[in-house]
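Given chain A's structure and the hints, the job is docking chain B onto it.
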Amino acid sequence: MYIDPHVHMVSRSTDDYVHMARAGCVAITEPAFWAGYDRSSPQGFFDYFRQLTDSEPRRAAQYGIRHHTWLCINPKESEDPIFAREVIALIPEFLKKQNVLGIGEIGLNKNSRNEMEILEAHLQLASDHNLLVLVHTPHLEDKLKGTLLILDAIRRFPKLDPGRVLIDHVEEHTAKHVLDRGFWCGMTLYPDTKCTPQRAVDIIETYGSERIWMNSAGDWGHSDPIAVPKAQMEMRRRGHLESLVRQVTFTNPERFLSQSGRFSAEPLRPTAPDITR
Amino acid sequence: MTRAQVVDAYFMEHRARLLDVAAFLDRIDRAGHGVDDFRMSAYRSAMTVLVDGQPQRARRILELLSDPSTTPIASAHTKGATGAHDPSGKTH
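Here the protein sequences come in this chain order: A and B.
According to this note's numbering, the first sequence is numbered sequentially starting from 1.
According to this note's numbering, the second sequence is numbered sequentially starting from 1.
The hints are simulated quantities; they were obtained by calculation from the structure and are not laboratory data.
Fair warning: this is a prediction, and the values are worked out from it, not measured in the lab.
By construction, the Cβ of each residue, glycine as well, lies at the ideal position given by its N, Cα and C atoms.
Check the hints yourself; a few may be wrong.
Lysine to aspartate or glutamate pairs mimicking EDC-like chemistry, simulated, CA-CA at most 16 Å apart [said to hold, decoys possible]:
{"#": "1", "chain 1": "B", "residue 1": "K79", "chain 2": "A", "residue 2": "D80"}
{"#": "2", "chain 1": "A", "residue 1": "K176", "chain 2": "B", "residue 2": "E63"}
{"#": "3", "chain 1": "A", "residue 1": "K176", "chain 2": "A", "residue 2": "E210"}
{"#": "4", "chain 1": "B", "residue 1": "K79", "chain 2": "A", "residue 2": "E79"}
{"#": "5", "chain 1": "A", "residue 1": "K159", "chain 2": "A", "residue 2": "E120"}
Quick list of the computed label-pair ranges, beta carbon to beta carbon [said to hold, decoys possible]:
{"#": "6", "chain 1": "B", "residue 1": "D52", "chain 2": "A", "residue 2": "S55", "range": "50 to 56 Å"}
{"#": "7", "chain 1": "A", "residue 1": "R238", "chain 2": "B", "residue 2": "E63", "range": "21 to 27 Å"}
{"#": "8", "chain 1": "A", "residue 1": "Q62", "chain 2": "B", "residue 2": "A46", "range": "43 to 49 Å"}
In isolation and in its complexed conformation, chain A is listed as follows (with noise of 0.2 Å):
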């Protein structure tokens, strides 16, 4: 059993649904991502939230798996302050949602000062509504500045306690830094970009298994969206007890996201298919 605690369903097959619950998922969390091309407009966005908080939990359901989503503008479209702040301005209607708890994935893509200016937007919006947060740090040589420049801005919200702040895509060169600082941290299992499930395993094991969990990052790019078992069976390959293999991939991510109020793990029976959507 396990949770995949950031995947994006909507860019996934039903098989992969197939596949995720064959392998024991039964919750996901879904941030709001960006599409792979910059969305023309605010409605855009208005009708991706739609489909987050609608239709996917519904198509989830059909599988026994629960879905629970996050809402922004992600980095990658954050370059027009303008336009973001439109959209950021739509997500507070969102929020009573069941299944939203809370803003991201939020962050920084290329450390720019206007991703920087949108991240501090999100920020607000988290503190004013006491969410909690899930962080998108860059890629490959963005990371370690993007990281840190994303702690020093959390940290100018005083309101935001870290243990409501999840740090997503960590290595070895920023996970130290994240869980020094007294945040969650994430990895994400990619088979080229982020860790492997052994360099997973090998972080867990050098850092320790506290505020720490895994997630596939399934999207529409090359990623695989049964990376956290894959992961599980890593653990087990060394030897790792049951308990350890459990509080990674199932614990940890619970005991992080019930802070919203709002998410359960709980067995879920598989829906029947809506004939008439």
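Relative to the frame of chain A, chain B by itself:
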């Protein structure tokens, strides 16, 4: 796991990856002579970390490939990343 168990479990997998690295460098050579771009310069620097005998090689290689600056850039001209820091700043 003991040291021997780690080698037993992972040697064959990483023997294959070592050969992938070697074959990649051979492939570049076969493509003709020229000057390494910033990515390959960084890659060759990173390879020295593998054999320096010091711990935390993965962390140190990731740091070596990272942008060392500390302030936000004026604006983003691309969404992508190249995998290594470009000292010229042309790929930001």
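Hint by hint, here is what the structure shows:
no.: 1; hint: B:K79 <-> A:D80; verdict: holds, 13 Å
no.: 2; hint: A:K176 <-> B:E63; verdict: holds, 13 Å
no.: 3; hint: A:K176 <-> A:E210; verdict: holds, 12 Å
no.: 4; hint: B:K79 <-> A:E79; verdict: holds, 10 Å
no.: 5; hint: A:K159 <-> A:E120; verdict: holds, 13 Å
no.: 6; hint: B:D52 <-> A:S55: 50 to 56 Å; verdict: holds, 53 Å
no.: 7; hint: A:R238 <-> B:E63: 21 to 27 Å; verdict: holds, 26 Å
no.: 8; hint: A:Q62 <-> B:A46: 43 to 49 Å; verdict: holds, 46 Å
Going through the hint list in order, the structure satisfies each hint without exception.
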